[in-house]
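If you read the sequences in order, they're chains D and E.
So for the first sequence, my numbering puts the first residue at 1; every next one is plus one.
So for the second sequence, my numbering puts the first residue at 1; every next one is plus one.
For the record, the hints were derived by calculation from the structure and aren't laboratory data.
It cannot be assumed that every hint is accurate.
Claimed, not checked - Stretch-level coverage of chain D by chain E, calculated; a stretch enters the list once three of its residues show a Cβ under 8 Å from a Cβ in chain E: (1) 323–334; (2) 367–378; (3) 382–393.
What the hints assert, rightly or not - In the SDA-like style, the derived pairs of lysine to any residue whose C-alpha atoms are separated by at most 20 Å in a straight line are: (4) D/Lys384 with E/Lys36; (5) E/Lys66 with D/Lys384; (6) D/Lys545 with E/Lys36.
Ideal Cβ positions, reconstructed from N, Cα and C, are used throughout, including at glycine.
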Amino acid sequence: MIGLLAHNALLVSLFTVALGAVITPIAIRSGRRDWLQLTYGAVYTNFLLVSIATVSMVVALVTHDFSVSYVAAVGSRSTPLLFTIISLWGALEGSILFWAWVLALYAAAVVWIHHRRPGNLVPYAAMTLLAVAAFFAVLLAGPANPFLPVSPVPADGPGPNTLLQNHILMAVHPPLLYLGYVGMSVPLAFAVGAILSNEAASNDWAILSRRWMLASWGFLSAAIIAGMWWSYEVLGWGGYWAWDPVENASFLPWLTATAYLHSVMVQERRNMLRLWTLNLCVATFVLTILGTFLTRSGILSSVHAFTTGTIGYYFLAFIAIVLVATLVLVAGNSDRIRTRGNLGGAASRETVFLLNNLFLTAVMLTVLVGTLYPLVAEAMRGVKVSVGEPFFNRMAVPAMVALIFLMGVGPALPWGSTTWANARQRLLPPTIGAVVLGAIAVIAGARSVYAILAFAFVGYAAMANLREYWIGMRARHRAHGEGWPTALARLIGGNRRRYGGYVAHIGALLVALGITASSTFRTEREATLLPGETLTVAGHTVRLKNVWGREEPQRSVIGATLDVLGKDGAVIGTVQPRMNYYRVSDQPVPTPDVRSSPRGDLYVNLTAFESNGANATVKVIVEPLVPWIWFGGMVIVLGAVIGLFHRGRRTAAPSTIAVAAPEPEPALAGTDS
Amino acid sequence: MKRAWVVGGAGVIVLVFGWLLFGGLEKNVVFFLTPKELLAKGSAGVGVPVRLGGQVKPGSVKWDAKTLDLRFTVTDGAREMSVRSAGAPPQMFRDGMGVIVEGRVGSGGVFEATSLMVKHSNEYRAPKPGEEAHEKYKTLIERSTP
């Protein structure tokens, strides 16, 4: 019953978005601007209809209505309530429904916030979002329909994929990823809108879309970090990144979005890179769709690829349509969009931004080629290959190390041009940070050139970014006699975009530090222990206490309890790595236990045990500074939030601010929580 | 003039980058082979990183819990290859199941594995009666407390 209601809501939504998208150009061309109410009405109606369908799905899941095909596929009466609710995004059809809902939400928010803006930019942007929504509505009506009737109605279902019901981060990572991924349709919509409304030659649309990109970028950054954390906590290998295609799929649009956030500043300040920035918008969106195709079409085998079916062809067709449409739009208008500005001197901030964009694009292309190569090789030459981690590490890591260095150079250099003497004066002091951190790394035993360089550059860039704060605070302190905390608060408050950016830099540096340290100084050992026996790894000792088992409604748990011993042999804590056996799968889900401190993690995983409990095989991994990766991720998000609450540059003419951003803060803040 | 320099420089960078990229690809591609395909390569297959795919030959799994030395044979029906690995086998590492082993063939003709993946389709397979954890580990679960 509820399935029929929701299915009909989705069919009406398909009709609504198609109508709304088609009516927009007709209304504008024929001068009937009052018809644009139909466009906006379609956006709101679509949000209402998809909300009805999504809420219906949650209700069906919670009430175990197995007459709905999706519930029959992923539901189970024994699954705890939280994991029942989040199985909404635990398989293909539900995740497409959730995607459509997030898109409907973004479209409604865009129209709600910007509908008073004069001109044709917002109507065309709404049209673009409706067109994207139409694609997902087609998927939901056809190949990804989650509301098919099931007959006869089963009494119970298998429950969600076991890997996805084993950890609470599954309630966090997917929604953040969707908010990030789907949000990147908004800058694309503004880019298309700008071209169609002949506003691409002004900077207004870029300022509008910048804020949406920043919000989406913040969500995507948080999602990537949460995904790494999930992988670390659940997969049991003690790592967080393996250049797996699905990880790469989330990383690719992040790289172009990061490039966009930097190039749009050059566009605003120097009137340069306009065409390039526009292309970054398009590339980011296409990469999100490509990522969805890779992870949802079943073309790759992984925890993200749910089923094989025809859905992949729909995605390929959509990618082709988007590429052709945007190419025609951009190429047909490129001479109007092209920039008038000039490069400043060689030693200037825009030079650094150019290099930043160059390296980010290079990393993106490297990861893209490495990710797609196996697919192409299999299709063209019929050989099965995989591109190993060494490729990504050798090709992408040097560029990323260079980016860390640039993070220290960019903020120190002024816009326009400067003298070499001035540049030297600004660039030399942070070298202390490089020397200190590089020396610490060498003393600690780092021998790889890139690892030592990464440490040194993290030190350099951290000093450079902190120095920007110090200089600003000192100026306020001297000029206004403000106390240091007040000076810091007012400094950030006075230019939130700039200092939000520096906060994000600090976060990225913390992540880089954690990754470099934990991959350089990782130690691991595996051993089979009898109760009472100890295993020592890099100064950390664990002693097996016992092996135990426990029945829970949806799973059987086998665990080992180990005491963690201090230097003097006293017990300073316990760890309980487990293996969770879910009813539906013959593969247990490893559940390592991690003991964290600011210095690093003691990671203990149960890898085997005697079925009578006589012994247990455990893998103990000592990884320095891992928690700094998660903490750094939070700092990045904080930086994005500070940047979002920016109210327009203070020096800018008030009129442009009024046009560009009619008080979007409250609504955006709402989507953040 | 300045513009020409910028465009020329960008062109050179793109060319060098492309050359590095595809050179790097050629060197780091790992082939996915069955024992038959790997053995057909002869000495060219020795010492090269490979992903070996096939089934675990029934009765071939030997694991020493004390030394963590794991040995088994991977077969594709036609040919077979002995594999050596260090560490515990994945749980439910049973006869006849599909595996992907990453590593390289050592000089003795034994495949030295660096990682071991159990190949399971995404449509997960429910345990058969008697294989369920609460049956298999009944004594452990009933006797012990966490």
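The hints, checked one at a time:
1. Here the segment 323–334 of chain D counts 0 residues with a CB under 8 Å from a CB of chain E, which misses the bar of 3, and the coverage is violated.
2. Closer than 8 Å: that is the beta-carbon criterion, and the segment 367–378 of chain D has 4 residues meeting it against chain E, so the requirement of 3 holds.
3. Closer than 8 Å: that is the beta-carbon criterion, and the segment 382–393 of chain D has 8 residues meeting it against chain E, so the requirement of 3 holds.
4. For the hint linking D/Lys384 to E/Lys36, the alpha-carbon distance of about 15 Å falls within 20 Å, and the restraint holds.
5. Between the alpha carbons of E/Lys66 and D/Lys384 the distance comes to roughly 36 Å, so the proposed pair goes past 20 Å and is violated.
6. Taking the CA atoms of D/Lys545 and E/Lys36, the gap is near 46 Å; set against the 20 Å cutoff, the hint is violated.
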